[in-house]
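Going down the list, the protein sequences come from chains A and B.
Letter by letter, the first sequence follows residues 4 to 171 of our numbering.
Letter by letter, the second sequence follows residues 152 to 562 of our numbering.
Since the hints were derived computationally from the structure, they do not count as laboratory data.
Beta carbons are placed, not taken as given, at the ideal position from N, Cα and C, and that holds for glycine.
You may find that some hints are simply not true.
[Said to hold, decoys possible] Derived list of chain B stretches under chain A, where covered just means 3 residues or more per stretch with a C-beta under 8 Å from a C-beta of chain A:
#1 235-242
#2 303-316
#3 319-331
#4 390-404
#5 476-488
[To be verified] Calculated pairs, DSS-like style, for lysine-lysine (alpha carbon to alpha carbon, straight line, at most 27 Å):
#6 A:Lys80 with A:Lys12
#7 A:Lys20 with B:Lys333
#8 B:Lys333 with A:Lys12
#9 B:Lys489 with A:Lys76
#10 B:Lys398 with A:Lys133
#11 B:Lys286 with B:Lys445
#12 A:Lys12 with B:Lys286
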Amino acid sequence: MSLAEKYPKEVKQILAKYPPEHKRSAVMPLLHLAQLQEGHVDRHAMQEIASLLDITETEIASIIGFYTLYHDKPEGKLRIQVCTDLPCALRGADQFLADLCDKLGIQPGGTTPDGIVTVEAVMCLAACDKAPMFQLQGPDGIEYHENMTVDKTVELIEALKKNDKEVK
Amino acid sequence: MAHILLRHRDIPHINQLDVYKKNGGFQAFKNAVTRMKPEDVTNVVKASGLRGRGGAGFPTGMKWAFMDNQNWPHYVVANADESEPGTFKDREIMEQNPFQFLEGVALACYAVGARAGYVYLRGEFWHLAAFLDGKIAEMEEAGMLGDRLFGTDYSLHIFTHLGAGAYICGEETALLESLEGKRGQPRVRPPFPPAFGLYGKPTVVNNVETLTNVPLILANGADWYKSMGTADSAGVKIFSLSGRVKKPGNYELPFGKTFRDLIYGEGGGIIDDRPIKAIMPAGASSSMIVADDKALDTVLDYASVRTLGADLGSASVIVIDDTVSIEWVINKTIHFFKHESCGKCTPCREGNYWMLSIIKRMQHDRKKEDVDLLYAVAKQMQNKCLCALGEFATMAVATGIERFPAEFKAK
Numbered sequence: 004m005s006l007a008e009k010y011p012k013e014v015k016q017i018l019a020k021y022p023p024e025h026k027r028s029a030v031m032p033l034l035h036l037a038q039l040q041e042g043h044v045d046r047h048a049m050q051e052i053a054s055l056l057d058i059t060e061t062e063i064a065s066i067i068g069f070y071t072l073y074h075d076k077p078e079g080k081l082r083i084q085v086c087t088d089l090p091c092a093l094r095g096a097d098q099f100l101a102d103l104c105d106k107l108g109i110q111p112g113g114t115t116p117d118g119i120v121t122v123e124a125v126m127c128l129a130a131c132d133k134a135p136m137f138q139l140q141g142p143d144g145i146e147y148h149e150n151m152t153v154d155k156t157v158e159l160i161e162a163l164k165k166n167d168k169e170v171k
Numbered sequence: 152m153a154h155i156l157l158r159h160r161d162i163p164h165i166n167q168l169d170v171y172k173k174n175g176g177f178q179a180f181k182n183a184v185t186r187m188k189p190e191d192v193t194n195v196v197k198a199s200g201l202r203g204r205g206g207a208g209f210p211t212g213m214k215w216a217f218m219d220n221q222n223w224p225h226y227v228v229a230n231a232d233e234s235e236p237g238t239f240k241d242r243e244i245m246e247q248n249p250f251q252f253l254e255g256v257a258l259a260c261y262a263v264g265a266r267a268g269y270v271y272l273r274g275e276f277w278h279l280a281a282f283l284d285g286k287i288a289e290m291e292e293a294g295m296l297g298d299r300l301f302g303t304d305y306s307l308h309i310f311t312h313l314g315a316g317a318y319i320c321g322e323e324t325a326l327l328e329s330l331e332g333k334r335g336q337p338r339v340r341p342p343f344p345p346a347f348g349l350y351g352k353p354t355v356v357n358n359v360e361t362l363t364n365v366p367l368i369l370a371n372g373a374d375w376y377k378s379m380g381t382a383d384s385a386g387v388k389i390f391s392l393s394g395r396v397k398k399p400g401n402y403e404l405p406f407g408k409t410f411r412d413l414i415y416g417e418g419g420g421i422i423d424d425r426p427i428k429a430i431m432p433a434g435a436s437s438s439m440i441v442a443d444d445k446a447l448d449t450v451l452d453y454a455s456v457r458t459l460g461a462d463l464g465s466a467s468v469i470v471i472d473d474t475v476s477i478e479w480v481i482n483k484t485i486h487f488f489k490h491e492s493c494g495k496c497t498p499c500r501e502g503n504y505w506m507l508s509i510i511k512r513m514q515h516d517r518k519k520e521d522v523d524l525l526y527a528v529a530k531q532m533q534n535k536c537l538c539a540l541g542e543f544a545t546m547a548v549a550t551g552i553e554r555f556p557a558e559f560k561a562k
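All chains should be modelled from the sequences, with the hints used to inform the complete structure.
Set out below in C-alpha cells:
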C-alpha cells in the first residue's frame, strides 16, 4: 500500500506546512512516516516520496544515509538506542549498555535471535541528567526511557513483546 | 527568586493554555501586534541586552535588525535541535512551559514581519513535536495564531519540523538546508541568514531559550531584564549541569554567580565528595578548565569565562572528578565528533578521522609521539573548518593536552 493510501490525512498535513514551490521540505517528515510501521524505508516508499516531491530517488537515498534515525534495512522491530556520550558515560552508561547486552546475549549493535530487539549505542540525546537512558525507536515513533536499570529494561522489553503478540 | 524561563517550577500547569493566560500569557504579543510597530519590538529586545543562548551569545535584537527589508517574505526559525552533549534545557522549556516559548516565536515573527515561523526539533523529540503541534492548534483556536490576528492585518502560522539525528543541524545554516529537505551541511557564510536564509529569504534563527526570554522582556521592559545579571551579560541563563555531581539538572540563575555556586551550591557537590578535576562549561565542544579555586570562584558570564580560556557557550556544564582520566574524556569527545562530522569540509572530515585513529592507538600503548601527533592534528584543524563545529571538535583535545600534561605522559 502506498503512503498516500495508508496515511492520506498525514501526507496532506505535512505538505501543507511548506510553501508549495518548496515542497521538497516535506521529505524528512514523509520519511519518518514511511518507516513508522516497518522500521525502515523500503524502495517503494523511496520511489513514492521522490515522485511526490519531484526529486530523484538518489537524493532520497542520500538523505536516508545522512541522518541516523532513518534506516534502509530491516532490523529489530524495537531499537533500543542507548546514549553513551560523555555526560551519560560519566554516570555509568557504558556499563549499562554492556550489562544489558550481556543479559540479552548480544553484542552492542546486534539483534536478539528472535529478530525483535536491536540494541545500539548512539550519540547524545539531550537527557544527560537522567542517565542511564535510551530511546526506543519502534512502531509508535520514538520514546525516551530515563534513569534506567537493566532489570527495568528487560521488563519493558517483555511487556512490549507481549503487547505485540496480543495485537497480532 | 521566581523563575523567568522555568516558570513551571513556580506555577503548576503553566503548560495549559488557561493557566498561561491567567498568568499574563499572550498579553505581550497582543499588545505588540495591536499597539507597537515591529521595529519597536526589536528595539526593546536590543535595549534589554539579551544575547543568543544557543552558544554564540550574539545580541538578539541586533540580529533581528539585520533582516534585509528589500527581500520578502521573511522567516523565523526556532532552533530546537538541542544536540550538544551536556545540553538538556530546551527540552524542559518546551515540555513544561511551551506557550511562553511559542509566544516568543510569535513576537520574533512580528518584530521581523514574518508570517511563518518554523520550530526545527531534533528527530528524537518525536513526541515533543506532536505535543507542540497540539499547543499550536490551541493557540489558533484561541485566536493567538492564524489570519488577521486581533482584528489587524497581521497573520501568522507556526509549524514544527522534525530533524532525524544529526548534531550538525544545530549549526544554523545546516539547519536551514535540512529544513529545505536536503542533507544538513553548513553553507559558506557570509551571507548570513538575515540576508540569505530559508529558501534564500531573510531569516532569523534563534535558540529556544533565547526566544523564551522575549515575552517577559516585552511585558516588563528592557530595564527590568537588564537589572539582572552582569554588565557584560544581562538577564538569566539556564545552566544544564551534568557529570560527576550529586544533583545534575537544569538551574536557572542570573549571570554573575560562580562555578562554585553552581556546582557545590545548586549541584550539591561532587559524587562521594571526591576532588573536582576539570570543568567543561559548554558541553563536549568546550575547552577544558582546570578546576582550581580561581576557576571555581570565576563569575559565570560570557566575558569572565573567557578569562579562563574557555567559552560559556550554551552553559552545559560537565563536571569531571578525579576518578576520570582526561584521556578518556577526549576519547569520548573525539568519538562524538568523528560520528557527527558532516563530511563537507576536509579539515573536519579528515581531522576527526585521524584523531580517532590516534586516540584508539593510545588506549593500548600511549607513546609521546602519538600524543604530539594528536595535538598537532587538532591544532591544524583550528581556523580551517567551514563551520564552528569543526573547531569545537578540537577544543577538548587541544586544551586537555595543554592543561593536563601529567595525564598524557607515555605509559
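Structure-based check of all given hints:
no. : hint                   : verdict
1   : 235-242                : holds (count 7)
2   : 303-316                : holds (count 6)
3   : 319-331                : holds (count 3)
4   : 390-404                : holds (count 8)
5   : 476-488                : holds (count 4)
6   : A:Lys80 with A:Lys12   : holds, 25 Å
7   : A:Lys20 with B:Lys333  : holds, 16 Å
8   : B:Lys333 with A:Lys12  : holds, 24 Å
9   : B:Lys489 with A:Lys76  : holds, 23 Å
10  : B:Lys398 with A:Lys133 : holds, 10 Å
11  : B:Lys286 with B:Lys445 : violated, 46 Å
12  : A:Lys12 with B:Lys286  : holds, 19 Å
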